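Colleague: What follows is each chain in one-letter form.
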Amino acid sequence: MSAGSRARAVAWIFFAATQTVAGAEIPLEERRSGYEFMSRDTRAMQDDDATNPGVFWVLDGEALWNRKAGAAGTACADCHGNARVSMKGVAARYPAWDAARRRPVNLEQRINMCRTERQKAAPLEHENRDLLALTAYVAHQSRGMPITIAPDKRTEPFLNAGRATFMRRQGQLNLACAQCHDERWGKKLAGTTIPQGHPTGYPLYRLEWQSLGSLQRRLRNCMIGIRAEPYPYGAMEFVELELYLMWRARGMKLETPAVRP
Amino acid sequence: MAGLRAILSAALAASLAGAMPGLAEGGAGSPAYGIVKDAIPVSLTGAAGNAARGRMLVLDRRVGLCLLCHSGPFPEERFQGTIGPDLSGIGARLSEGQIRLRIVEPARINTATIMPAYFRTEGLTRVAAAFRGKPILSAQQIEDIVAFLTGLRDESR
Numbered sequence: 001m002s003a004g005s006r007a008r009a010v011a012w013i014f015f016a017a018t019q020t021v022a023g024a025e026i027p028l029e030e031r032r033s034g035y036e037f038m039s040r041d042t043r044a045m046q047d048d049d050a051t052n053p054g055v056f057w058v059l060d061g062e063a064l065w066n067r068k069a070g071a072a073g074t075a076c077a078d079c080h081g082n083a084r085v086s087m088k089g090v091a092a093r094y095p096a097w098d099a100a101r102r103r104p105v106n107l108e109q110r111i112n113m114c115r116t117e118r119q120k121a122a123p124l125e126h127e128n129r130d131l132l133a134l135t136a137y138v139a140h141q142s143r144g145m146p147i148t149i150a151p152d153k154r155t156e157p158f159l160n161a162g163r164a165t166f167m168r169r170q171g172q173l174n175l176a177c178a179q180c181h182d183e184r185w186g187k188k189l190a191g192t193t194i195p196q197g198h199p200t201g202y203p204l205y206r207l208e209w210q211s212l213g214s215l216q217r218r219l220r221n222c223m224i225g226i227r228a229e230p231y232p233y234g235a236m237e238f239v240e241l242e243l244y245l246m247w248r249a250r251g252m253k254l255e256t257p258a259v260r261p
Numbered sequence: 001m002a003g004l005r006a007i008l009s010a011a012l013a014a015s016l017a018g019a020m021p022g023l024a025e026g027g028a029g030s031p032a033y034g035i036v037k038d039a040i041p042v043s044l045t046g047a048a049g050n051a052a053r054g055r056m057l058v059l060d061r062r063v064g065l066c067l068l069c070h071s072g073p074f075p076e077e078r079f080q081g082t083i084g085p086d087l088s089g090i091g092a093r094l095s096e097g098q099i100r101l102r103i104v105e106p107a108r109i110n111t112a113t114i115m116p117a118y119f120r121t122e123g124l125t126r127v128a129a130a131f132r133g134k135p136i137l138s139a140q141q142i143e144d145i146v147a148f149l150t151g152l153r154d155e156s157r
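From first to last, the protein sequence lines stand for chains A and B. Quick note: the first sequence, position 113, residue 113 per my numbering, numbers continuous. Quick note: the second sequence, position 62, residue 62 per my numbering, numbers continuous.
Extracted from the complex, chain B is given alone in its bound form (with noise of 0.2 Å):
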């Protein structure tokens, strides 16, 4: 069974990050990443993102999806979820790394966590056509992302 593969090689490699740097398969064809404590410390694209794409794609609930379960500082926005935690100031109190990797993989973080890996494609169940064998996002749209919240410094509202 290859998902069950994925799945216990994905388990090592938990089991070994707390220790050392591990290696995780990325989305389909991309590069695999590498988990250095609870953070992700380099581009999974190799650069850096656009901060003001990253806004549009947090904003967006049918791509991003981030407002479903998140509130932020974005006073213009209405329907934010109460979910998740507020993203204002979120730069201020995680790296870029950490960010990137509870966007990538919050599990790490918290196994019971509700907030999907977005950048997963191995060990789901029953994912619909249109959707399978893809991450939620992109390396680049991650990215984009990372840039965006790595500059929410404001823990005002």
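Only chain A is shown next, with the shape it has when bound in the complex (with noise of 0.2 Å):
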């Protein structure tokens, strides 16, 4: 090794050392959605539909779902049929590989290139409504059922990467993802107790924005608390995030629409 390379490689160490962190995973079974760190009155209104202001989402979610849309005419029950059965489990294996792509897609992608590819519908923007309420929708239907990231050597670099990212220090605060949630779940951040970071619920209702929201403006909330800037949406970094998050949640239930504050 000549001294030039040893030392790059000692400050490539020094770099490391500094700019991730440990990154001691939380034990499979000590692990707690969000859920579990609310209100009594905040889980309640989350546990009936009769309050739970996502199921609005999830019903216009339905009706989007049967309806023709773009130059094809076609509807995503045409292709699909009821989403009850088609559906059932399909949002609780999302990020997944996409043979096309060469790369893992979420689930507002794969609805988006049906609206495109199938539909010959203009795609829909993030955080739009409709595209919300079919996410919502298709996730509804693996209520309940555990999230389920197979092993798969073609997404495994992708969900390093996410886990990468997730070690790594951002922002003018210079915090890790999980400096909060693998290392001080439970602890006050101010008056917020602080999750896990479990991606369980999306979308889901947040009382703070007073609207359903995706995972993706979630995690832009977290990084711009830590003054670091937010990948943009659709980001292939923000994908990364969320296989490493469902990785990190596999076993655990998917409750959509889950509210939060």
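Hints are supplied without guarantee of correctness; some may be wrong.
Claimed, not checked - According to the in silico footprint, chain A covers these stretches of chain B (three or more CB under 8 Å from chain A):
1) 64–71
2) 77–84
3) 114–127
Derived from the structure by calculation, the hints contain no laboratory data. Being a predicted model, the structure only gives us computed values, none of them experimental. The beta-carbon is built from N, C-alpha and C at its ideal position, and this holds for glycine as well.
With the hints in hand, could you dock these two chains into one complex?
Modeller: Shown next, in the form of structure tokens:
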């Protein structure tokens, strides 16, 4: 090893030591959904479909599922039939590998691919009400089912990239996701109990937003909180993070549409 | 890579700090500060801060951010954090210079710390545009906070 490359190697080790955190993952049996950190009132709001505001989006999504759209004049139901059957368990295994693009895609991206490629319709913008409604409707068909991100050689590099992002310090406050969600969950950040950061409820109704929102919207909130430049909606980094978060929550039950403070 | 070089020199300074006064670059355009053991004995501005302003900064959740993680002798403040130690009596436990170092470079005390380095501008990743190249607090704001915390002598809450 030349002096130069040795110096670079040392520099790299130091860089890694300061910019990423050790990352002891939460033991499987100690994992808890954000639901368990909420007040009794907010839990009751989520539990009862008569009071859960997310149910409005699910109902809208059902109507959209059956409505013909785009130049092809087809509805989701024309290809997929009854969502209660065909979409059962689907959200529990997303983000999933897309053979044509040779990368994992999340549920919103999959829905938009069906829109542009099959329905010949314009893609829906991120956080667009119809996209949230369709995503909520599809994910709702997996409510109560365990997350099943299967080990897969093709998605592994993306999952590892997501894990690396989770461990990387970012932003002016120089904090990594893991420092709050692996190492300090249960502690108070001002008035808020830090949850473990599981993606079990999305899209979900957040009281602070007074709306349904996607997982990426939540992740942008955390990045803005640490004064980091959030990735753009749909960025590969976000899909990688989603994949890692779903894998980290493997076996936990989906709650869509969840409610959070 | 300029970023890497800055980190390397910070690493060098860190390894020296235990034995002798190290020198580290401060925020953009600000003077370097000297570290002696676990303290920065000299004011970043060369003058004493204003404790009353410091109190306001510590309580301001958008500027000082301290109460996101810490609690302290502020019975009127709801929703104080439980991530860091309580700041009550901190002026009796630590010297002025020790407090200054813990705000400027907490990683010198604990490399795995979650507490941000309030005067740091280099070697950070993906800083949002509005904050790029700026420290979290200015030298003057840090001195104001140091003046306030130094006066917190009563350990009871």
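Colleague: Taking the hints in turn, state whether each one holds.
Modeller: Right, here's what the structure says about each hint:
no.: 1; hint: 64–71; in the structure: holds (count 4)
no.: 2; hint: 77–84; in the structure: holds (count 6)
no.: 3; hint: 114–127; in the structure: holds (count 9)
Going through the hint list in order, the structure satisfies each hint without exception.
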